[in-house]
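Protein sequences appear in the order of chains A and B.
To convert, count from 1 in the first sequence and add 458; that's my numbering.
To convert, count from 1 in the second sequence and add 388; that's my numbering.
Hints listed in this document are in silico derivations from the structure and should not be mistaken for laboratory results.
One or more hints might be untrue.
The following label-pair restraints were derived from C-beta to C-beta distances [unchecked claim]:
(1) B:Asp658 to A:Ala666: 51 to 61 Å
(2) B:Arg452 to A:Glu477: 29 to 39 Å
(3) A:Val480 to B:Arg452: 34 to 44 Å
(4) A:Lys579 to B:Asp658: 49 to 59 Å
(5) B:Pro679 to A:Gly629: 36 to 46 Å
(6) A:His501 to B:Gln424: 36 to 46 Å
(7) A:Lys583 to B:Asp655: 39 to 49 Å
Predicted model only: the values in this text are computed from it and were never measured.
Just so you know, even glycine gets a beta-carbon here, dropped at the ideal spot from N, CA and C.
Chain residues, written in single-letter form:
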Amino acid sequence: MAANFWTSSHYKQLLDQEEVDVVQSLDKDRGITLEDFKLIKMHMANYILKLAQNVKVRQRVVATAITYMRRVYTRKSMTEYDPRLVTPTCLYLASKAEESTVQARLLVFYIKKIQSDEKYKYEIKHILEMEMKILEALDYYLVVFHPYRALSQLLQDAGLNDINMTQLTWGLVNDTYKMDLILIHPPYLIALACIYIASVLREKDTTAWFEELHVDMNVVSLLKAKLCERGESIQFLLLGSCIEFVGCCNF
Amino acid sequence: MGDGNNSNRGLVSANAANRNNNNNNGSHHKKPEWLQQYDLIGKIGEGTYGLVFLAKIKPPSPSRGKSIAIKKFKQSKDGDGVSPTAIREIMLLREISHENVVKLVNVHINHADMSLYLAFDYAEHDLYEIIRHHRDKANHPLNQYTVKSLLWQLLNGLNYLHSNWIIHRDLKPSNILVMGEGEEQGVVKIADFGLARIYQAPLKPLFENGVVVTIWYRAPELLLGAKHYTSAVDMWAVGCIFAELLTLKPLFQGQEVKGPPNPFQLDQLDKIFKVLGHPTIEKWPTLANLPNWQQDVQHIQGHKYDNAGLYNVVHLSPKSPAYDLLSKMLEYDPRKRITAAQALEHEYFRLEPLPGYNALVPNQPGEKVINYPTRPVDTTTDFEGTTSLQPSQTVTSGNAVNMQGGHMARSVPRAMGVGMPRMPHQSMAAYNLASQAGMGMNPGGIPMQRGVSSQAHQQQQVILPSRNNKDVTEWFQESLRLLLG
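Between the sequences and the hints, there should be enough to build the whole structure, so can you do that?
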């Protein structure tokens, strides 16, 4: 269902870290390691952000575009699907899916403006061709859920919705897109982890609030197996975000 | 592009039966490989988005002979790739599954000409044609059982969509399909999601999307300039369709004002007010905030209307349950208008004749089965949309009634069909409630949608891992220490 996370294709398609951390054989043959793979994706996520700031689309479009890009590379090789073309095309497609359509010519204009490297310089027709290939690679599943909405709701519920906490947690959520977390965890969990990290950093006592969160029995039945499967997921998530956060803030 | 034959083309896997089509030898055929699995019968519809074709699945597929409606999207004229309408339609259809909603069977891309094809289960009939048949040919009204069954199934599909935060926005008789002969005969399928929206968190006011659809089924709040849609707009349309099923005439047949964008449709409002009377601030408090109500004081507010009485127009007793339900659908205030879920519980559906699965075949053994005409097919048009010079001919089954040539020109897209796996409705309700955990709350000050209140108490429920929070705290602080040295 389009607006129901637990029955959405997004939920059904969540992957395990190990499934995401697979370097396609064509790329492996060219000497790309898992580390390289992750770094390229992080770099491309930044590229999407930079383009988005120029064409002026909202954060949700950026987040959807990065998710598309990361999904594509769980199935396709970078050798066949050049990240320098896939990345702007994902932004292009996401802008349509999120109803903030950006014209291809505008995108091409900013690509040329931002990137001096010739290898980034793709034309409109390349983007249009790649758009269709990406649609196929995504198997036409385009609805993506993000942590932002859950975040503001949870912050409000916890009484932490002051400017300071809102900005910090929002920034943390943005940072999670530097990793593949959106392919692995339900968005609300990512939001919760970010709140948790922020509350520790800002020395807010949220223990009681976290304990008070009631578990919905309907969801438990759906999720129980999943959580058992990977009991350490929340830890990984927190650690991942924490690493990112620390990296960003130059602690 | 040479990519059309990539074995990993990402065919929609919704219909396993259609997947046995991978003869990977078609690289030099003119016709794309995926197209070879179908026999093209002809064109059945046309719109601004592109064309709709009727095709049959060829052997050796186990579904051979099965009819499929294929919607071809043109490459957008502005050189901007796949049209956002197509993207939106695919996006929604890929997520939804309900027996009263059309089923997307396959998506195909032809890289050579950059066109996109959506394949649906084919539905032979639609309410537009069924109503037309009764009005122009049969000269007698639809029987009560059929009206009630069609309406119930329409509401059932709509309730599914609304509980998943999807508004259709373009409900009209031609978008309500009914399955022809076969297992699903007489089952209603809501179609055409090109304008449908997830209304949970629009990035832009829904209003900006420049709706260009028939105004006859448009809700009064939209006509008066409301910028935010709610699911209530679909219920207004259902009310109009219900009345049309009863009388065989569109209920509010306003003259459309053409012109960009969203011109004020005074005549449509006029037609509504003539039947339902003048809306008042007392009955509809937010009326005063609607832009067109404020701006057009002399036209709308100045005119006095005599309430002609809805029951006179639809020939129903004001005391009948059918009338009660209809008037609740045509409630002016969108916040008071009946919801799909409430309508399904209405007394009307609990009285004989009870609504049934096959809306077209009456329960009563003695009653006459109506042979509705089959959809006209233009067999002279190929998948490229090229028309040959042969005279247009109509493919009909034996019981078809005379088609009119001009009929094909209707710009309304109305094709495609169905065949859904049954959804257990009870469990769906549970999912919906659960889904609101941390996901479904009111985004950024957008006026709350109807139906939210009933779910509001669920919204605070989020799942935490079973791990004790204290452990997490300790673990986290330790990690932090390690990281920060």
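Status of the hints after comparison with the structure:
{"no.": "1", "hint": "B:Asp658 to A:Ala666: 51 to 61 Å", "result": "59 Å, holds"}
{"no.": "2", "hint": "B:Arg452 to A:Glu477: 29 to 39 Å", "result": "36 Å, holds"}
{"no.": "3", "hint": "A:Val480 to B:Arg452: 34 to 44 Å", "result": "38 Å, holds"}
{"no.": "4", "hint": "A:Lys579 to B:Asp658: 49 to 59 Å", "result": "57 Å, holds"}
{"no.": "5", "hint": "B:Pro679 to A:Gly629: 36 to 46 Å", "result": "38 Å, holds"}
{"no.": "6", "hint": "A:His501 to B:Gln424: 36 to 46 Å", "result": "42 Å, holds"}
{"no.": "7", "hint": "A:Lys583 to B:Asp655: 39 to 49 Å", "result": "46 Å, holds"}
Figure legend: structure checked against the earlier numbered hints; every hint is met.
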